[in-house]
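Enquirer: Heads up: the sequence lines are chains G and U, in that order.
Counting in our numbering, the first sequence runs from 1 upward without gaps.
Counting in our numbering, the second sequence runs from 192 upward without gaps.
Honestly, I wouldn't trust all of these hints.
To be verified - Covered stretches of chain G (in silico footprint by chain U; criterion: 3 or more residues with CB under 8 Å from a CB of chain U, positions within the stretch not fixed):
hint, region
1, 33-43
2, 118-125
3, 132-142
4, 178-186
Said to hold, decoys possible - The following residues of chain U were derived to be distant from chain G, with all beta-carbon distances above 12 Å:
hint, residue
5, His193
6, His207
7, Ile305
8, Ile317
9, Met335
10, Ser447
11, Ala450
12, Ile452
13, Ile460
14, Leu511
15, Asn590
16, Glu633
17, Tyr719
18, Lys726
Claimed, not checked - The calculated DSS-like cross-link candidates involving lysine-lysine, where the alpha carbons are at most 30 Å apart (straight line), are:
hint, chain 1, residue 1, chain 2, residue 2
19, U, Lys195, G, Lys19
20, U, Lys420, G, Lys157
21, G, Lys182, U, Lys420
22, G, Lys181, U, Lys391
23, G, Lys182, U, Lys409
24, G, Lys84, U, Lys710
25, G, Lys84, G, Lys56
26, G, Lys74, G, Lys33
27, U, Lys420, G, Lys166
28, U, Lys445, U, Lys350
29, G, Lys80, U, Lys384
30, G, Lys84, U, Lys348
31, U, Lys391, G, Lys157
32, U, Lys433, G, Lys19
33, U, Lys445, G, Lys157
34, G, Lys166, U, Lys384
35, G, Lys80, U, Lys710
36, G, Lys19, U, Lys708
37, U, Lys409, G, Lys181
Keep in mind the hints are simulated off the structure, nothing from the lab.
Heads up, the beta-carbon is just placed ideally off N, CA and C, and yes, glycines get one too.
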Amino acid sequence: MGIDNLRHTNRVNKKTDAKKLDLYIERIANYDKDALAGLYHMTSASVYSFALSLLKNIQDAEDVLHDTYLQVYKTAASYKSMNKPLAWILTIARNLSLMKLRNRKKIVDSKPQDWNSAFEAIPSVTAEDRLVLVSCMDKLTDEERQIIMLHTVSGYKHREVAGFLKIPLSTALSKYHRAIKKLRILLLEEN
Amino acid sequence: MHNKDIENKVKTAVQHSVPDILDSILSDCEGLEGEMLRMNTQTSKKSKNMSWIKPLATIAAVFVLLFVGLTSYLNMAIDSIISFDINPSIELMVNRKEKVIRVKALNEDGEKVIGNMNFKNTDLDIAVNALIGSMLTNGYIDDMQNSILISVENSNKDKSTNLQARLEGEVSRLLDASNVDGAVLSQSIVEDKDIEDLAKENMITKGKAQLVLQLVEKHEGYDFEELAKLSVNDLNLLVESKKLDIENSSKVGKASDRAYIGTDKAISIAVNHVGAKGSDIKDLEIELEYDDGRFIYEMEFYLDGIEYEFDIHAISGEILSFEKDRDDNYKDTVSKESPRPTSAPTNKPTEKPSPTSAPTSKATEKASPTPTTRPKASQKPVDPTKEAVEATASPKTDNLMSAAAARKAVMDRFGGIVQKIEYNYDSKNPLYKGEALKDGYEVDFELNARSKEFKKWDVENDDEWDEFTHALEKMITMDEAAAMVIARSGMSNTFIQKIEFDWDDEKPLYKGEAFNKDKKFSFEIHAYKGKGFYKWDVDNDDDTWEEKFYNIR
Numbered sequence: 001m002g003i004d005n006l007r008h009t010n011r012v013n014k015k016t017d018a019k020k021l022d023l024y025i026e027r028i029a030n031y032d033k034d035a036l037a038g039l040y041h042m043t044s045a046s047v048y049s050f051a052l053s054l055l056k057n058i059q060d061a062e063d064v065l066h067d068t069y070l071q072v073y074k075t076a077a078s079y080k081s082m083n084k085p086l087a088w089i090l091t092i093a094r095n096l097s098l099m100k101l102r103n104r105k106k107i108v109d110s111k112p113q114d115w116n117s118a119f120e121a122i123p124s125v126t127a128e129d130r131l132v133l134v135s136c137m138d139k140l141t142d143e144e145r146q147i148i149m150l151h152t153v154s155g156y157k158h159r160e161v162a163g164f165l166k167i168p169l170s171t172a173l174s175k176y177h178r179a180i181k182k183l184r185i186l187l188l189e190e191n
Numbered sequence: 192m193h194n195k196d197i198e199n200k201v202k203t204a205v206q207h208s209v210p211d212i213l214d215s216i217l218s219d220c221e222g223l224e225g226e227m228l229r230m231n232t233q234t235s236k237k238s239k240n241m242s243w244i245k246p247l248a249t250i251a252a253v254f255v256l257l258f259v260g261l262t263s264y265l266n267m268a269i270d271s272i273i274s275f276d277i278n279p280s281i282e283l284m285v286n287r288k289e290k291v292i293r294v295k296a297l298n299e300d301g302e303k304v305i306g307n308m309n310f311k312n313t314d315l316d317i318a319v320n321a322l323i324g325s326m327l328t329n330g331y332i333d334d335m336q337n338s339i340l341i342s343v344e345n346s347n348k349d350k351s352t353n354l355q356a357r358l359e360g361e362v363s364r365l366l367d368a369s370n371v372d373g374a375v376l377s378q379s380i381v382e383d384k385d386i387e388d389l390a391k392e393n394m395i396t397k398g399k400a401q402l403v404l405q406l407v408e409k410h411e412g413y414d415f416e417e418l419a420k421l422s423v424n425d426l427n428l429l430v431e432s433k434k435l436d437i438e439n440s441s442k443v444g445k446a447s448d449r450a451y452i453g454t455d456k457a458i459s460i461a462v463n464h465v466g467a468k469g470s471d472i473k474d475l476e477i478e479l480e481y482d483d484g485r486f487i488y489e490m491e492f493y494l495d496g497i498e499y500e501f502d503i504h505a506i507s508g509e510i511l512s513f514e515k516d517r518d519d520n521y522k523d524t525v526s527k528e529s530p531r532p533t534s535a536p537t538n539k540p541t542e543k544p545s546p547t548s549a550p551t552s553k554a555t556e557k558a559s560p561t562p563t564t565r566p567k568a569s570q571k572p573v574d575p576t577k578e579a580v581e582a583t584a585s586p587k588t589d590n591l592m593s594a595a596a597a598r599k600a601v602m603d604r605f606g607g608i609v610q611k612i613e614y615n616y617d618s619k620n621p622l623y624k625g626e627a628l629k630d631g632y633e634v635d636f637e638l639n640a641r642s643k644e645f646k647k648w649d650v651e652n653d654d655e656w657d658e659f660t661h662a663l664e665k666m667i668t669m670d671e672a673a674a675m676v677i678a679r680s681g682m683s684n685t686f687i688q689k690i691e692f693d694w695d696d697e698k699p700l701y702k703g704e705a706f707n708k709d710k711k712f713s714f715e716i717h718a719y720k721g722k723g724f725y726k727w728d729v730d731n732d733d734d735t736w737e738e739k740f741y742n743i744r
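Only chain G is shown next, with the shape it has when bound in the complex (with noise of 0.2 Å):
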């Protein structure tokens, strides 16, 4: 995949990657494939780091980014733009997680993923990206890695993230404050 095309997922760009995104849902539709490609250029960091942190399993977090996508191409035309695209995806990916969640209770506990031994199986994953993803896998907790990877990936603002995880604006301030302090510290351990 072009990173390239995942930069477009940031902050400065917010508002206009929100029409884009209502767009290509808009086209989605219709069936339109192309569109769907676009779409999943944009996001599909942002609902893959998501699934992610809930999951805490590769595999299961790329089950949930195949499925989005198909979810989103059966449903678009259910869609109503409420300006709020990223949301509506992400509110998917969620409710998949929580699903695979559940399903994986019922069949066994899963054993918890070697992380390094995972992110080292990727070859477009260096070793700092390793350092930086093992610490965010082990090192915080789901909240915390839920609130990061919405703010950093997603380029949720907080008050965003505290909408979107339905908890105090305060409380993800504060998470994230102690989120980025302990990323800081194990990162400075390292170099």
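Following the hints, put chain U in place on chain G, whose structure we already have.
Expert: Okay, now just chain U, sitting in the frame of chain G:
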């Protein structure tokens, strides 16, 4: 390592780890169209069945509105809450008639400012006058900490905006009268549970909590708890350094940076460190930054094809970090571009002062004999349309006179009132043109926005002044009208390109146009105090600002 660096590392690492499964998704989408059609039909049936909800919701909404209206009526003792923050933080609660109901100090300094004064049933203006006077007397506003934040909370947005503009004007006037070069930041706030909680938890006013939240939301890497501890002046410095648009706010004056070494000193420390002369360095970018509990000057420049980056402690001048990196693309790229006399604007909001100790604006032009814009090797190609605009426009560092400064220059020279002032864009000769009136005279002026010199100053007899002098006390000033426009635009750097006072005994108005990014605001404001806006039109798709006014405020 800065917070924003950590954020960037997380973002990059995630981007590198996302699996590419697009082909598999697209292939699995084949044949799903039929299913989509069935789902859509079900959805529309469902919405049909739910049609009873709409009228019920409307009735419920009417009841809710009636209830809210009645409750508000019964509880309208406190109409507005106004807070003042410097380091002293004070909250004033006033009723509909702007009589003070209660004054509350939110910290020890606030208590000192209030002292034994009793403001109950006092007019708001008198209370503000006394409080600002006490802040000055107690030394809370001085050359080092000259910023004050005024926050107005009222459920009526227009009322809140008008009061905000009026208080901003009044406080500026009080500071001027005391020969203090103050910076007044004012904002309208609305009732918000999240902001209230943040204010309580961090023991600050709701106004300061809102300002800090906006800084945190608009700038990567800032932390709420850390910024909440800063003074309003330091927050104001960050707003200026980062050129952040604070919503529903307006600003008069410039925050003092005298507590810090200043950009010129920081540059000279860095230049000495690499053993160069100031005139040798290129593409200098410097900004005041706050990170890890301290203010630093972040700086980068090029010397002989090497990129240097410095972090310099803003108080001690200590070099906190220093990096250099050869950029082989630098010379190649430069040689391919046609030379420009000055540096063009970059996307990054920075000032580009000279490496000498001369004033920033003048020195920038001198310090750039060679072309200074070049995309970094990793940068994506710029939009060709935008490039054309940037190439023909004057640089950001032009230091053009702001509209407010132009009005002040006319008033300082002439007195009376500015009756009309309009900025005429011309890249070589940008002019403010207009007329001012005083006591039987009219002056027709042209003021060069770059050199700040009057190019035309024709005084003639004119008796229009006599028509409205009797009403001057009852009317807002042109500056107050401009502040209202800026506040209503929701962006502190909105440019008042044209404003005119139009006298009419019954309905005197300030009329004009203002611009910010893709927005054009056409306004008419009642000149009589307290009457607010008569007309407010916003064109959301106007490119004049980008073409002509992006480098002026």
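Enquirer: So, for every hint listed, does it hold in this structure?
Expert: The hints, checked one at a time:
no., hint, in the structure
1, 33-43, "holds (count 5)"
2, 118-125, "holds (count 4)"
3, 132-142, "holds (count 3)"
4, 178-186, "holds (count 3)"
5, His193, "violated (9 Å)"
6, His207, "violated (5 Å)"
7, Ile305, "holds (28 Å)"
8, Ile317, "holds (36 Å)"
9, Met335, "holds (29 Å)"
10, Ser447, "holds (28 Å)"
11, Ala450, "holds (25 Å)"
12, Ile452, "holds (26 Å)"
13, Ile460, "holds (25 Å)"
14, Leu511, "holds (14 Å)"
15, Asn590, "holds (26 Å)"
16, Glu633, "holds (45 Å)"
17, Tyr719, "holds (38 Å)"
18, Lys726, "holds (27 Å)"
19, Lys195(U) to Lys19(G), "holds (26 Å)"
20, Lys420(U) to Lys157(G), "holds (21 Å)"
21, Lys182(G) to Lys420(U), "holds (21 Å)"
22, Lys181(G) to Lys391(U), "holds (23 Å)"
23, Lys182(G) to Lys409(U), "holds (23 Å)"
24, Lys84(G) to Lys710(U), "holds (22 Å)"
25, Lys84(G) to Lys56(G), "holds (26 Å)"
26, Lys74(G) to Lys33(G), "holds (12 Å)"
27, Lys420(U) to Lys166(G), "holds (27 Å)"
28, Lys445(U) to Lys350(U), "holds (26 Å)"
29, Lys80(G) to Lys384(U), "holds (28 Å)"
30, Lys84(G) to Lys348(U), "holds (25 Å)"
31, Lys391(U) to Lys157(G), "holds (21 Å)"
32, Lys433(U) to Lys19(G), "holds (26 Å)"
33, Lys445(U) to Lys157(G), "holds (28 Å)"
34, Lys166(G) to Lys384(U), "holds (14 Å)"
35, Lys80(G) to Lys710(U), "holds (26 Å)"
36, Lys19(G) to Lys708(U), "holds (18 Å)"
37, Lys409(U) to Lys181(G), "holds (20 Å)"
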